[in-house]
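Chains as they are written, first to last, in the numbering used here: chain A, 946 to 1572; chain B, 946 to 1572; chain C, 1257 to 1592; chain D, 1257 to 1592.
Since the hints were derived computationally from the structure, they do not count as laboratory data.
Please note that a few of the clues may not be correct.
Stated by the list, open to error - Just some of the chain A residues that point at chain D, by a computed CB distance under 8 Å:
#1 Ile1006
#2 Asn1079
#3 Glu1082
#4 Ile1220
#5 Asn1235
#6 Glu1244
#7 Thr1376
#8 Lys1451
Ideal placement from N, C-alpha and C gives every residue a C-beta, glycine not left out.
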Amino acid sequence: MTTRKIQFMTTTKHVKSVSGITVRLAGDSGDGMQLLGTQLTNTSALAGNDVATFPDFPAEIRAPRGTRAGVSGFQVQFAKEEIFTPGDTLDALVVMNPAALVTNVQDLRKGGILIANEDGFTEKDFKLAKVEANPLEATVINDSYRLIKVPMTQLTRAAVSEHGLSPKIADRCKNFFAMGLVYWLFGRSLDPTLRFIENKFGKKPDVAAANVAALRAGWAFGETTEAFGESYQVEAAELTPGTYRNMMGNQALAWGLVAASKLSGKELFYGTYPITPASDILHELTKHKNFGVRTFQAEDEISAMCATIGAAFGGTMAVTASSGPGIALKAEAMGLGMMLELPMVVVNVQRGGPSTGLPTKTEQSDLLQALFGRNGESPIPVIAPQSPADCFNTAIEAWRIATECMVPVMLLSDGYIANGSEPWKIPTIDTLPKIEIKHPVDNNDGEPFLPYLRNENLGRPWAIPGTEGLMHRVGGLEKEHETGNVSYDPANHQLMTETRAAKVAKIAERIPEQEVFGEPSGDLLVVSWGGTYGACLTAVRRCQQAGHRVSHAHLRYLNPFPRNLGELLKSFDRVLVPELNMGQLRMLLRSEFLVDCIGYNKVQGKPFAVSELIQQIETHVPSPVAV
Amino acid sequence: MTTRKIQFMTTTKHVKSVSGITVRLAGDSGDGMQLLGTQLTNTSALAGNDVATFPDFPAEIRAPRGTRAGVSGFQVQFAKEEIFTPGDTLDALVVMNPAALVTNVQDLRKGGILIANEDGFTEKDFKLAKVEANPLEATVINDSYRLIKVPMTQLTRAAVSEHGLSPKIADRCKNFFAMGLVYWLFGRSLDPTLRFIENKFGKKPDVAAANVAALRAGWAFGETTEAFGESYQVEAAELTPGTYRNMMGNQALAWGLVAASKLSGKELFYGTYPITPASDILHELTKHKNFGVRTFQAEDEISAMCATIGAAFGGTMAVTASSGPGIALKAEAMGLGMMLELPMVVVNVQRGGPSTGLPTKTEQSDLLQALFGRNGESPIPVIAPQSPADCFNTAIEAWRIATECMVPVMLLSDGYIANGSEPWKIPTIDTLPKIEIKHPVDNNDGEPFLPYLRNENLGRPWAIPGTEGLMHRVGGLEKEHETGNVSYDPANHQLMTETRAAKVAKIAERIPEQEVFGEPSGDLLVVSWGGTYGACLTAVRRCQQAGHRVSHAHLRYLNPFPRNLGELLKSFDRVLVPELNMGQLRMLLRSEFLVDCIGYNKVQGKPFAVSELIQQIETHVPSPVAV
Amino acid sequence: MSLPVLKAADFASDQDVRWCPGCGDYSILAQMKKVLPELGVPREKIVFVSGIGCSSRFPYYMNTYGMHSIHGRAPTFATGLKSTRPDLMVWVITGDGDALSIGGNHFIHVLRRNLDINIVLFNNRIYGLTKGQYSPTSTEGQVTKSTPMGSIDHPLSPLSVALAAEATFVARSLDAHVKHLGAVLKRASEHKGTSLVEVYQNCNVFNDGAMAYAQEKKQRADNVVELEHGKPLVFGKNNEKAIRLVGTHLEIVERSEVPDDDLLIHDEKDPNPSIQMMLARMRYPEMPEPIGVLRDVDNVATYDEQINAQVELAKETRGEGDLDKLFHAGDTWVVD
Amino acid sequence: MSLPVLKAADFASDQDVRWCPGCGDYSILAQMKKVLPELGVPREKIVFVSGIGCSSRFPYYMNTYGMHSIHGRAPTFATGLKSTRPDLMVWVITGDGDALSIGGNHFIHVLRRNLDINIVLFNNRIYGLTKGQYSPTSTEGQVTKSTPMGSIDHPLSPLSVALAAEATFVARSLDAHVKHLGAVLKRASEHKGTSLVEVYQNCNVFNDGAMAYAQEKKQRADNVVELEHGKPLVFGKNNEKAIRLVGTHLEIVERSEVPDDDLLIHDEKDPNPSIQMMLARMRYPEMPEPIGVLRDVDNVATYDEQINAQVELAKETRGEGDLDKLFHAGDTWVVD
Ligand SMILES: Cc1ncc(C[n+]2csc(CCOP(=O)(O)OP(=O)(O)O)c2C)c(N)n1
Ligand SMILES: Cc1ncc(C[n+]2csc(CCOP(=O)(O)OP(=O)(O)O)c2C)c(N)n1
Ligand code: SF4
Ligand code: SF4
Ligand SMILES: [Mg+2]
Ligand SMILES: [Mg+2]
């Protein structure tokens, strides 16, 4: 643990104070851009900034070196104010080769800093990137941006050879040179990264030494070269006091599940089959076997779902996760889980669809699948986290609802949240909400046990094998009210169908009312859900600042909706529903509330830019009133 | 082929002419009720009546003899007017045992004829049926109905022993005795059934003789006994001239597929996995290998779906079918079929859900699954037949849309239609609509082939393996516009997503406008889809006759909707959407047209009764104006 | 602590049994109810998990915990259950279609993982519940509702597939041979690891007599060889025939013509399944079909044992998980 | 008609190959492109069908018809395609996860049906595309992203499973042994019925060197035995070692100590797969692992052949289907 007071390295150049910086690091997927980005993020977080990140991987494991398909990017915004997105346009862009330049430069703001690894711009590289001539010489580049060419490879070699290390090692650590330079530029401390190198490469001292040398050389280059007239400084943000750490979405989700397991006094069974972008939850959870976590990598998603149900029947906290195509495969078994009325959590880390789609890209297009992707009337609750760190709370909430109602709960994350990161204020353990679970115990009063008798939440008793006298059989055929026996009785089927629906609908009585950011009525209400929270909130906030009567409602609960939602929608002249799909929430809102919601729909595998949302909002509201 | 003039057997008793009769035959599932029902249906159809049937099987193959769970029923309505349902309340009920009586008698109208096989009402039978005392002696039964007790077993034995046959054989053919009696009661000719016996039992002359003897004995019993004072006669209906046959829904669907294959000059590949109530389509299709039909009983539904896609890729007419749980399993692959933009038909014969649900019962609860049961934005057209015979046309229409748009089409049948039957006017082959399919041919002009170039319907070329020069690769990753190459380009993903949606939406331009039965505006519009057609139409018609300003719109096209539907809905004060689900079409209509449709929802595994619909309609319209 | 002594009837649930009269399933149910009381496991510690099919209605008739799940997936539910609740005795009840058609993959994987459960596969070589389509064990040329011109698929042998997945207990019995069946079920229950028992089961409605050659007492002696560990494979009405291994082939010999020492001696404990695989491939009418335990190998770690051992080890070496420690590990910073 | 003579390059599509530099997949692709021109089948008559995985991107790189389908299901697409288009040559490309984990059931079923296609299974004993989880062929104890404490699953052998499903052609080769690989692919293409070729493929990113014992030239002689029909199984740097069958077990012998006549002679044509199953179970380090053709049996009817034969027979015996006749068969009546 460190305190937020960090000593800035002493630069002799002019330091300009700015409120925030958005920078993207882009290079070949072999260039270590993700590592670089993660380090910059952590360092900035440790410096007390608010941070938000957006990594963008190529679809291939290692696409051919130097090609556009192989470009790996990492964007981070750090700021002295609370921020909710990794930023739209870049203040600075670092590119390691021509492919990275041509695929990223359009996002750099006019006049932004463009740092290029000159050594990565050879004829061979132009060919690989399919560019005609050296883009670093293009007028449009030189005119539009503050281009700084750095022969990183050569400089790294030089730095490293000083320590008697080979150029081969050197080439592998030019990302640390770039890092050092970036650190200089933004007045970041080298310390956290020095510690990281120590931890990671401690066992290979020559590699560690090379990386340290490269890092310092990069910093020194910034300090020395005339190319940089000044560096920038972003002061610490005014965050709520507390201890923070940087959290990625999938990690937060995994930790949330572990926490939920502790909070409910249950060990955790996680049955899954690897799939992008959900696999990292497995990778994280399986590290925590000492928490009583059992991970089961099944032969497929069907097996994963069914094993989850089996574990739930046994009385364990049972969770499964996948992404679109895998969720489709789970549909039949999920219907059984719903019919058995057992508690479990099904996580969908959504990706670009349909079919295999765009596996490494983000999208919100599985909402209707979550609600309706099963045969018959098969209602289940659906909730969605709003940001990487929020995955933690949402996981706990999912398990809470599941156990209260005895029902599988669908948690809809997405690729953007899953791989993004932000500071997380570490909670004090005893402030976390306990989840109380009661299993019925021995039934010696001679009355037959009623496994489908219902409590005030319409949940049924979770009687688990091993309990004397409570032996019962569950199954996917319609069951008789209370007894749970197979029943073909027409009226019973109607009753049970309505009860299952009512059970989910009743959740609305217990969840919080929908909150609004802004006035409770006005010209426009922006309604969003899931990972678009940050972009929508930022856009609405800016429009409010510009004097527009616009508010924001971000839904965590998608089924059922908060009980005041309908009224809220009707309190605004217009409702805009921006989604990274073709209008799935919009369709639900229209149907439920008969409100003519307007959609703004983007399916490009990318999150919303704040600017495009502002533009949308502005087309739907009257010109601002002077305030 | 026979002409409709049938000689009625000469009865010496009084014959009462009635406009229609609804009769239900109910007995143990070993009692041959389905056979009896089918024969009565065919005979009535041959007599020129309009007929409609509703068989109702027990869930078990052979549930324990004599139990309520083992009761098998068959209801048929025959009439001299066009009818659209098998009738609500029964004019006559034949029961073979107490279980059949207690589970069916509530549907018999007061004063209706109740014929009971007295020999099936022993102490043992009461126990099996879990009734306290002999229900035939209950006052409520004797007071409410015209009960006629017939010692069928004994009488059959007697009839059969005359011909020197054993009582053991006799007991197996008491259903033919019942049949003979029913034929007498409704003035039906014995000839078709005699022919049937000849065909079916020709090889076992003693069985054939016994059945004939039983049949004649039943007829003679009616003619002789004093229990029956008169018989009933239903004159031939005024049907459109032509040649007719009786058709069950699944058979009509199978024949429609065979016809579509012929009409499009394609052989048919049918990949499936057995499941109730879809299996009979397989059983029917596999009989027609001489039409070039290849049936593939796959290892599961996923394999069936994928093999269907494989066959479609090869240029064959490819079809798969299943019911709810099996359709859920097909979801992932269906998404691929949609992405590959290959033509195929996916049939869902819906049954009671969710999960395994009520496999032998009917329901309409897979509509939203059809539309949204896949990951990502995955639009496919959805259509539904309205009656057993209509399955024929709908199958052809599904294949037509599939080939025009290069898209999988979902056809939503249901258990009620699938097992029900009605007269079908046999079409003249050359009046059936040809389906033109063009495969691009050799591409020798040197230009690269563009597998995702689109025509006016936004369909792409169906280039099939074996064609020189058109080699191309398809797959589930997002594809580049026109070239079909894998593309991660953001704008392309948006374009392709929108194009796939537009392709399906555009179908609305080519399908007929929605027709209305009744005035084009008024107090109430009843909107229905699928197998509830007959009940809704009949109810609306009766309400119209009673002077209500109510009309009926029955949707064949569920995605996209007919282009005039929105306007139509808005032309009525209220819209009532009766469905055998919790309101799935209603939700779509509300969302799309923002019309506050009212639902009437029944999930009891049973079709609507006309009477309950009338009651619903009446609660939503003003009292009738004198007309 | 002495357990209450239970009788077969104590294992009957209150639900009416709903198989067709004469169905072979009744006999298997009866044997199960007979065997369970002998095991001394309390009813509440037993769970029956099944898929879908006539056979899969089995759990409803047992007064234990039970799950009638979905088609083909019973082994996967059992995996989640047994991995988290190793204290339970878990039985999987499945059919030839359920286990080998839609469920073939889970079948292989549960066997290779050697989860400590018992699988009873009711093989009637037909789809019963869906009224008579052919199954993966139907014979070539078999005429069924879905194969009016005869099946063209080459049938699967569940025992062969199981052995290829390195199953540790593989056996076969007959619904009609009730004593044998009871004994085999008991053996299965005693095995540590996945036990597979294939039971030839007569579907008298859709595939009556399909295995009459083995089921009918008269024919059985000539067409079935009862395996006994350490004993030669002899069969025939008077035990006059036997099996001999020649190279890598099995052949039928007259015992009168061959010295006993030359006969194949059954070794269910052989860790190398080669010979057991040969037994599994013996098919009527060319060969008598083996019943009894083909393989019973005990020293293979089970899945449930190992998944729990890793958790225990992790707890021992790293200490029982502590949320606070987890949250604060690595880089953190304080805002005050 | 003489076909244009094609070269390997003619089989390359215009798409950039996107495997990691150094991946074993490149070698398999190269051999495929080399072998296909030798077969004389025009490109438009060839279809590559794959599932999902690194290996499954293969079809994009072939200038033939191709389908990159969904995970695990490639054999099923091939079934629909080949059953209706027996004129096409169909290759299935799959990985160890694709074929044996999610796709294990289709794998067995296509083999038992003996559909006339060729399956090439790229076995790198890891999930490549999803970045390094263990697969059904990963070794016990293997540490991967999803098994930080070591895998507890007992691995599956694709060859054993295939043989249990009575596969008619079963072979293995190595990406590093290009000549052998080319020859085996060619043999597979010539077989009538389903051919399975397992190729040991190095994933240099997530499981580098997992099969180095076989792949590396130096180690190969001692750890791999190249099967040749009718020849004894000899191996070792100087062919100094061989395999002998003792009872039902295989053992390694020094050739200097054993007469040649005692050595096991490979018989890929033996209709009884017993010995081939024993070969399939030979595992490093206890035994050398066989490469080459384990089984090639030709007289088994194929699925596509038979499904089409039934259609032909039906047409012959009942006449080409006539809608009008169908509609009017049985009871009809006329309304006029
Ligand atoms: C997903 C799914 N597909 C199909 C079915 C229909 N179905 C139920 S049981 C069954 C096969 C039954 O055969 P088997 O497993 O041999 O059991 P048996 O009835 O013969 O005991 C089928 C196809 C289903 N219930 N679910
Ligand atoms: C339904 C579904 N589940 C999971 C995935 C994710 N996935 C893609 S490939 C793969 C496994 C790849 O392993 P393997 O088949 O061995 O191929 P390799 O990449 O090693 O060549 C997985 C789990 C998917 N695409 N679809
Ligand atoms: S159909 Fe066959 S297997 Fe099913 S209960 Fe009846 S006899 Fe038994
Ligand atoms: S991840 Fe492994 S298998 Fe996949 S392309 Fe890279 S080296 Fe090859
Ligand atoms: Mg069966
Ligand atoms: Mg692999």
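Evaluated hints:
1. Ile1006: holds, 5 Å
2. Asn1079: violated, 22 Å
3. Glu1082: violated, 26 Å
4. Ile1220: OK, holds: Ile1220 (chain A) within 8 Å of chain D, min 7 Å.
5. Asn1235: With a minimum Cβ separation of about 11 Å from chain D (threshold 8 Å), the hint on Asn1235 (chain A) is violated.
6. Glu1244: This interface hint holds because 5 Å falls under the 8 Å limit.
7. Thr1376: Where the cut-off is 8 Å and the nearest Cβ of chain D is about 31 Å from Thr1376 (chain A), the hint is violated.
8. Lys1451: violated, 37 Å
The structure fails to meet hints 2, 3, 5, 7 and 8 from the earlier list, while all remaining hints are met.
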